[in-house]
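Sequences are here, hints too, so could you generate the full structure?
Going by the UniProt record's numbering, the first residue of the sequence shown is number 1, and it counts up by one from there.
Please note: incorrect hints may appear among the correct ones.
[Claimed, not checked] Ranges of calculated distance between the beta carbons of each label pair, as one might list FRET restraints:
id: 1; residue 1: 362; residue 2: 44; range: 54 to 60 Å
id: 2; residue 1: 18; residue 2: 130; range: 23 to 29 Å
id: 3; residue 1: 154; residue 2: 47; range: 41 to 47 Å
id: 4; residue 1: 372; residue 2: 265; range: 39 to 45 Å
id: 5; residue 1: 356; residue 2: 298; range: 34 to 40 Å
id: 6; residue 1: 405; residue 2: 342; range: 46 to 52 Å
id: 7; residue 1: 109; residue 2: 31; range: 28 to 34 Å
id: 8; residue 1: 31; residue 2: 123; range: 20 to 26 Å
id: 9; residue 1: 154; residue 2: 342; range: 31 to 37 Å
id: 10; residue 1: 362; residue 2: 224; range: 47 to 53 Å
Worth flagging that the hints you see were computed from the coordinates, not collected in a lab. C-beta atoms are modelled at their ideal positions from N, C-alpha and C, and glycine is treated no differently.
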Amino acid sequence: MFAKAFRVKSNTAIKGSDRRKLRADVTAVFPTLGTDQVSELIPGKEELNIVRLYAHRGDAVTVYVSGGNPILFELEKNLYPTVYTLWSYPDLLPTFTTWPLVLEKLVGGADLMLPGLVVPPAGLPQVQKGDLCAIALVGNRAPVAIGVAAMSTAEMLTSGLKGRGFSVLHTYQDHLCPEGRQLDVKKSSYKKLSKFLQHMQQEQIIQVKELSQGVESIVAVDWKHPRITSFVIPEPSPTSQTVQEGSREQPYHPPDIKSLYCVPASMTLLFQESGHKKGSILEGGEVRTIVISYAKKHDLVDADNKNLVKLDPILCDCILEKNEQHTVMKLPWDSLLSRCLEKLQPAYQVTFPGQEPIVKKGKICPIDITLAQRASNKKVTVVRNLEAYGLDPYSVAAILQQRCQASTTVTPAPGAKDSLQVQIQGNQVHHLGRLLLDEYQLPRKYIQGLEKAKPGKKK
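Structure follows, in C-alpha cells:
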C-alpha cells in the first residue's frame, strides 16, 4: 500500500476526545495490550498527530504519528499497527517468518507467497483467513511487514505451501516507515543537538567539522570506541522470551520424509479403475495393491506359473518400452511392480514434528556440500538446501563459525529462487558431517558431499 509515494491531505494535532477514542479503539482491537501499554503507545500529553493521506492507488488512509514515528494507520475503518509499533510489542500479532531475500520484494509491493515461508520446529501459528499477521525474517524476531492472511493455517498446509499466503499492507522501508528510531535530543539531558555532538567529540567517539556558521557535519566515527562496542540491545520482556523459547529456539528435530508417487497422464488407464486420476499421489504400498488387484481382476495371472503376469494392452502401453511392445508378453511380479514404480513420477511428503504433512512433486533435493576455490587459491566449504529440512542457514552458519573458528557468510544460492547457501572458510566437511548426522540426526542419504572431508576425517 505504501510501496510508492503518497499524497498528504492534512496533518493536524489530535484533540483530547479523539485521543481517548483512539485509546478505546486500540484496547478493543488489540485486547492483549494492557492498560499501561496502551497508555505508553498513546501518551496522554505528548505530541500526537493525525495525518490523512491518499495512497498511490487512491485509498484514503489515516495515520497516527507520535514523536515523528507512525504508530498506527486506519484503512476502511480497520486499525493496523505499523512495524515501528511491533518493534515495541513484537507479540502483538501472530508472526510468520520468511527469508531476508524476500524483504526487497515485499518493500516493492509484492505479497508474501507461501513458498517463501519458513516453517519453524514448533510449527506455523494458527490463524484464520483474514487474520492480521506480522512477518519477520529468519534470525531476527523484529517484524518487517504486516499483512492479512489469504487462507487459514490448515489451508496453507493442505496446499503444500503453494500460492499467495498474505496480502501485504505495510513494510519496513516503505514510504510510511522512517528509517530507525528518532533521537529526540530535546528530551535528553543535552537539550540541544550541538551540545550532544560536542560531548560525543570530547569523548573521542566522533569528529565534528563546522562546514559553515551553524552547520556541523560528522566526519568520522570511532566504531571501536568502548562506548560503542559495549552497547547491547536490551533483553526482551520475560513474556517475549517465553514465546521465543517456545517457538524458534526449540531443539531441532529432523522431519519425517516419505517417498511418494504421482500418476502421469500415460498411466491413468491403469489407475482409473481404483478411483485415481492424473496427478493422484500414492504411496509405494498403494501402488503395489492397485497393480495386483488390476492383474487379478482382469485374470492376467499366468495359470501355469503364478509368478508370471500376462500383459494386456493397458499394461503394455504403461510399462513397456516401444521396442518391447511385440516381444515381451509376460513379466515376473517383481519386475512388473518395479517397472510400474519407475514409470510413475516422483513425489515426496515432509512432516515436521507437530505439523501437518507437506506433499510436493519431484524428488527432495539433498543437502549439498561442495568445496570451491576463492581468491588467492583459498578453499571454502559451501552447503546448500538446508531450508528444505527445516534448518536455518543463519543458525547453522553461527554454529559452524564457533566450532570451526573460521569465518562464515550466508549468501543467495546461485540459480535457486529464495534459497540461501552457507560458506565456511577452509575444508569444514568433517564438522558439517558431525553437525548434520550426529546432532541433527539427518539420514545420510539426504546429504551429499560428505566424502569430501579431509583424509582421515571422513564422516
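Hint check:
{"no.": "1", "hint": "362 with 44: 54 to 60 Å", "result": "holds (59 Å)"}
{"no.": "2", "hint": "18 with 130: 23 to 29 Å", "result": "holds (27 Å)"}
{"no.": "3", "hint": "154 with 47: 41 to 47 Å", "result": "holds (45 Å)"}
{"no.": "4", "hint": "372 with 265: 39 to 45 Å", "result": "holds (41 Å)"}
{"no.": "5", "hint": "356 with 298: 34 to 40 Å", "result": "holds (37 Å)"}
{"no.": "6", "hint": "405 with 342: 46 to 52 Å", "result": "holds (47 Å)"}
{"no.": "7", "hint": "109 with 31: 28 to 34 Å", "result": "holds (31 Å)"}
{"no.": "8", "hint": "31 with 123: 20 to 26 Å", "result": "holds (24 Å)"}
{"no.": "9", "hint": "154 with 342: 31 to 37 Å", "result": "holds (35 Å)"}
{"no.": "10", "hint": "362 with 224: 47 to 53 Å", "result": "holds (50 Å)"}
Checked against the numbered hints above, the structure violates none of them.
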